[in-house]
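Chemist: One-letter residues, chain by chain:
2 protein chains.
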Amino acid sequence: MLNSKIKKHIIQLKQKKYRKEYKEFLLEGLKGIRDAIDADAEIIVIVVDGSRRDEIEFQDLVAYTKKHNIAVEYCGREDISLIKSTETFPGILAVIAQDESYVEDIENGPVLYLHDINDPGNMGTIIRSADWFGIKHILLSQHCVDIYNPKVVRSTMGSLFHVYIHRIQNVFKNIEQMKEKGFHIVALDMNGKDISDAQTTKKTLYIIGSESHGVPDELEKLIDTRYTIAGKGNAESLNVAVATAILLYTIS
Amino acid sequence: MLNSKIKKHIIQLKQKKYRKEYKEFLLEGLKGIRDAIDADAEIIVIVVDGSRRDEIEFQDLVAYTKKHNIAVEYCGREDISLIKSTETFPGILAVIAQDESYVEDIENGPVLYLHDINDPGNMGTIIRSADWFGIKHILLSQHCVDIYNPKVVRSTMGSLFHVYIHRIQNVFKNIEQMKEKGFHIVALDMNGKDISDAQTTKKTLYIIGSESHGVPDELEKLIDTRYTIAGKGNAESLNVAVATAILLYTIS
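In the order they appear, the protein sequences are chains A and B. Counted the way the numbering used here counts, the first sequence spans residues 95 to 346. Counted the way the numbering used here counts, the second sequence spans residues 95 to 346.
In short, the hints are calculated from the structure, not lab data. Treat the hints with care, as some may be off.
You can't tell identical chains apart in this list, so a pair holds if it fits in one copy or across any two.
Unchecked claim - Below, a list of computed lysine to any residue pairs in the SDA-like style, where the Cα atoms sit at most 20 Å apart:
1. 99 - 111
2. 326 - 295
3. 326 - 203
4. 230 - 325
5. 326 - 133
6. 296 - 328
7. 245 - 162
8. 230 - 324
9. 273 - 248
10. 125 - 306
11. 326 - 293
12. 114 - 237
13. 125 - 95
14. 287 - 345
Turn these sequences into a full structure, and let the hints steer you where they fit.
Modeler: Structure (structure tokens):
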């Protein structure tokens, strides 16, 4: 029932290399798709489970897409197992264009730089927290997980459309340029001042190290200040998404 | 190579019903097992991949177990695929007795009550954060995920051995008893006072609602105070493990 060209395209988008090539990604679920429309994301096509087209929620959404001139296709049961990214397909899927933005254009912050965060759940949760606390720009190192990975998309809970996310090629050079523009460079690590005393300005860039290796040595000489979240129990460290959220809470 | 009785027992412990019946659970990995020994957990047996028994880290750990009179068994490649809980078996596994403790004995807090938290990653992360901020007691409703689920055990990063975790049968009655003992009952929700103003005493019990349904209605009349984490972006909510960590940070 689904046009075979669209079907093939969606199946390809389940792989990172095609997401990169086409600069598109997949999003499932009524709520997320409505958020994407409201956030003016560029939606290539929406695919609805044909057997559910009469359900009121799907009819409402299809009416909503019409107002925004978004193409809607219907698919049969046999297509669903091929195109879905989740165990239980929620009946609707969208192909969405990745939003391109340029790190050179960032004039104000606070800005988060995430170094090699590779767990999809952590990445999604950090983007969601950043959105909650009003952060507009996140920079990612090359080895961070693909933010268009379905698990990341799901755990951002729609926040992917509210934050500009830039994957940077040359971390040292890009952060050095931010510093030259007047940004204060702060790292969250285990040996800094107590984060409760953190003073922040809009022109601050916060470096968050990876789950396993922390803040990279190559950035050491760019760092102006280090902050630490004091603990008093027996745990060795905090989860990186939790630590980032506490940072964002203290500076908000 | 592995004694068939032990093998069968380990395979059973991969299922929740047997973990409940035997009051034991599985833990993989050198670091976690060393933490368990250091935390005086009751270790029933340790199983080491026989092909790695000469590696220095394994020899060190085996020597360490000897001092603590812990039984060590070796297994062959054919056993590993049956007993492992993770994709890549880290070469060592322990069967550990679940620690029993009684909610009636809690005299001091702060205490966390988690209502129907069902994502293993969120549960593990909350336990890890609680340990970081020095929380000693966590109460769980019946519908919370099994904390001895391998994903929870892994994401606690050893903190499971530092915090007393109590699964309670009758939530209303148990929290009412805490209130009668002088505990102040606080809920984290969307319509409370700003959490930055939170005043805390050791005799406080914090209610954390579930990912999807928040704080349950049945507990409404026990709640003395509500706190909210103020946001300023577009996200609808924070991840529950993140929100709990920010709460713990503010009261620590």
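Chemist: Work down the list of hints and note, for each, if the structure agrees.
Modeler: Hints, one by one, checked against the model:
no., hint, verdict
1, 99 - 111, "within (18 Å within a copy, 47 Å between copies)"
2, 326 - 295, "between (29 Å within a copy, 16 Å between copies)"
3, 326 - 203, "between (31 Å within a copy, 14 Å between copies)"
4, 230 - 325, "between (29 Å within a copy, 13 Å between copies)"
5, 326 - 133, "between (42 Å within a copy, 16 Å between copies)"
6, 296 - 328, "between (34 Å within a copy, 19 Å between copies)"
7, 245 - 162, "neither (27 Å within a copy, 42 Å between copies)"
8, 230 - 324, "between (27 Å within a copy, 17 Å between copies)"
9, 273 - 248, "neither (33 Å within a copy, 38 Å between copies)"
10, 125 - 306, "between (34 Å within a copy, 14 Å between copies)"
11, 326 - 293, "between (23 Å within a copy, 19 Å between copies)"
12, 114 - 237, "within (14 Å within a copy, 40 Å between copies)"
13, 125 - 95, "neither (25 Å within a copy, 53 Å between copies)"
14, 287 - 345, "both (14 Å within a copy, 19 Å between copies)"
Hint check: violations occur at hints 7, 9, 13; the rest are consistent with the structure.
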